[in-house]
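Colleague: Sequence:
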Amino acid sequence: MIDIIVLTLLLALIQIWLLPMLLNLKNMDYLVSNRDEAVAGSVMVERVKRASANLQESLPAFLALAVLAIHQSVDLVTVASAWLALRGAYLAIYAFGITHIRSVVWVGSVACLVYMALAIGGIL
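In the working numbering, the protein residues as written are 1 to 124.
Ranges between beta-carbon positions, derived for each pair:
#, residue 1, residue 2, range
1, I123, L11, 26 to 36 Å
2, D3, P60, 13 to 23 Å
3, T99, G121, 31 to 41 Å
4, V6, A53, 19 to 29 Å
5, S73, L9, 17 to 27 Å
6, H71, V114, 16 to 26 Å
Hints in this document: simulated from the structure, not taken from any laboratory.
Heads up, the beta-carbon is just placed ideally off N, CA and C, and yes, glycines get one too.
Could you build all of it, start to finish, from the sequences and the hints given here?
Modeller: In structure tokens:
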């Protein structure tokens, strides 16, 4: 499970910082400035930023559930791996503008979180 947590944090780093920077190299002066005024990014940069905001909403819940699973010795590696794979797929699908599948993938990632919570709570 610790490997999944580390990979999740790597995904967050890539999604929150690295991808927006690499997709926005033409605005490098802005990236190293005080960012007093917003600069328009490409459609893909804006999509990656929105996917990043979505990840940041579910990341605390995932990390809390993963740590609780370790603490309570509940084996949720498969479900946590599925969550991570779905979040990676969500990023790619969102970045390329694939609409309906994106929602299905998001629901799948939320279902993984619900399953993790129920398993930790002893309901499953």
